[in-house]
Amino acid sequence: MKKIRARLPKDAAALALGAERVADALRKAAAKQGIELDLVRTGSRGMIWLEPLLEIETDKGWQAFGPLAPEDADAVLGGTSDKVLGNIEDHPWLKRQTRLIFARCGTIDPTDPNACSFAGLKRAREIGPAAILDEVTKSGLRGRGGAGFPAGIKWKGAADAQAPQKYIVCNADEGDSGTFADRMLMEGDPFLLIEGMAIAALATGATKGYIYIRSEYPHAIAAMQRAVAMFPDFEIEIRAGAGSYVCGEETALLESLEGKRGQVRAKPPLPVHHGLFGAPTVINNVLTFASVPAILEHGAAFYAGLGMGRSRGTMPIQLAGDVKHGGLFETAFGLTLGEIVNDIGGGTWSGRPVRAVQVGGPLGAYFPPALFDTPFDYEAFAARDGLLGHGGVVIFNDTVDMAAQARFAMEFCAIESCGKCTPCRIGAVRGQEVVDKIIRGQNVNANLILLRDLCDTMKSGSLCALGGFVPYPVLSALNHFPQDFAR
Amino acid sequence: MHVSIVVHMTSSSSFDSAAAQGIVSRHSGAKGGLLPALHEIQATFGHVPRAALSLLAKGFNITEAEAYGVATFYHDFKLDGPRGKHVLKLCRAEACQAVGADAIAAYVKRKLNIDWGGTTTDGEWTLEPVFCLGLCACGPSAMIDNDVHGILDERAVDRLVAR
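For the protein sequence lines, the chains are P and G, in the order given.
Counting in the working numbering, the first sequence runs from 1 upward without gaps.
Counting in the working numbering, the second sequence runs from 488 upward without gaps.
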């Protein structure tokens, strides 16, 4: 009996595009053709426009096929499919990337810990806490959740704190629209995240970990639950969020983990001193922890050698919205926004011209093509009143109404505000009303002044980034697309 | 829009007090166990019955007002029931907006004849907005119970709700 080894993603995006129906059809076709099919279910390679993407081992090496429909199964196994893409590793979209976090994602069975080397953790054990902190600090790694705080400094704060109990908390509450890197990693390479958290525990003396995953990610929750049960060296508990965006803010997340309303805490005290259940806590995003094994394995100098300015290492850029080649592209910092949108993303899926690009989630600024020379770097984006956030890039075509987008930003903030501080709780509701008046053509000039004033109050007066950053999408829409507000 | 949550006493026939107490007891010993308990209550009963809030308050040694405050903070927990046999969550966030999510939402509302938060008269569907499913490169996206769907158009919606 002919035997064929194959890989097909079980990633949620692949499932959303019919991967399960393709898997069923492949099994049926294999039985019909007398083929013994060894189908490994992997994570996604991140080329979402090619999903479901099947890889088959042939005498010419691995051959990829996609995007597949169930009716392609017979031809794929029979060797006559016209959806053949060649070896996917030779695809320019993958070849151009520098994959550290996503090096294995899409190639391994995420339920098999033996597919992982744990080389970073092994070296961490050899060199000990002080040297781990030194490596992470020297690597220049900054928090990938959006704030960009240096990870080494955060970890040192927790390591220096004296307490009988310390915690490692992973923020997997990936609520920003346009981002899915955390989800893809947890589904495709859960042991890399566990390895990163275990290294953080070694460095700081923490003895328990939590991963707080948003409830909108049932597949990631299942994948992580399966993986932590197979990793005995560090105790990690998986907790599900409950649909609150603000719980992605680190102190709101800690409150939520404690079983309370997810309301933001005033800082200080910082979580490294007074975090979960009052204990010193390192709380980092999925991608921050997942960056650490490569830093330990290859050394700080290797990692710091990638990137630009104070943005070191790699960032998984997530291309979304109306984009031809949507997906995840991990690369060193420094590409321009134009390269990302046009070269990598291939422009729009619809074929219409690009009009605006929102970078960094619902609290990120809208950039017009005139600013496409901005390099993907924390400081360069800040200098142009934007932010990188969690690396999401959402492309809008020329049919977008930027006044509607500004209104949505305020609406979203009103829905998700935790209610603790007045600028956010009241400001978002009033902001929505003011934009509505502008859209209706009511007293437009006076209301535009009022809207800017309100944004100023929210920016300076809010307790956390929700109310504090919602002015970014609103003001960028106003500043770069004023014609959409002229009624 | 924020949909204010109206509290209904559930009919006592649908509420199994012993089952609810079992859930509370399983989680009340764990640090921060209130959210896992609420999740399990909602999964078991389809919503969080008022009577379960009383049991949670006792089990976790908090006031009923506090239990109510936690449950109502989170979009996932619904105090009013019963809800539809299936929950259709449609993404309303920016990446899906960029590929026509608003038009799909309008179509779904017309087709099912309900608004956000509503349940069809046959009890089959409850429609909810969701802000991002992490399916941003294949929108507009939706989740039905725990199944995900991408690149939705009107034909795909017809197929999904006809099942």
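In short, the hints are calculated from the structure, not lab data.
Heads up, a few of these hints could be off.
[To be verified] Incomplete in silico selection of chain P near chain G, CB under 7 angstroms:
| id | residue |
| --- | --- |
| 1 | Leu15 |
| 2 | Glu216 |
| 3 | Asp322 |
| 4 | Pro369 |
| 5 | Leu371 |
| 6 | Phe396 |
| 7 | Val429 |
Beta carbons: idealized from backbone N, C-alpha and C, even for Gly.
Just pull the numbers of the violated hints for me, sorted ascending.
Those not satisfied are hints 4, 5 and 7.
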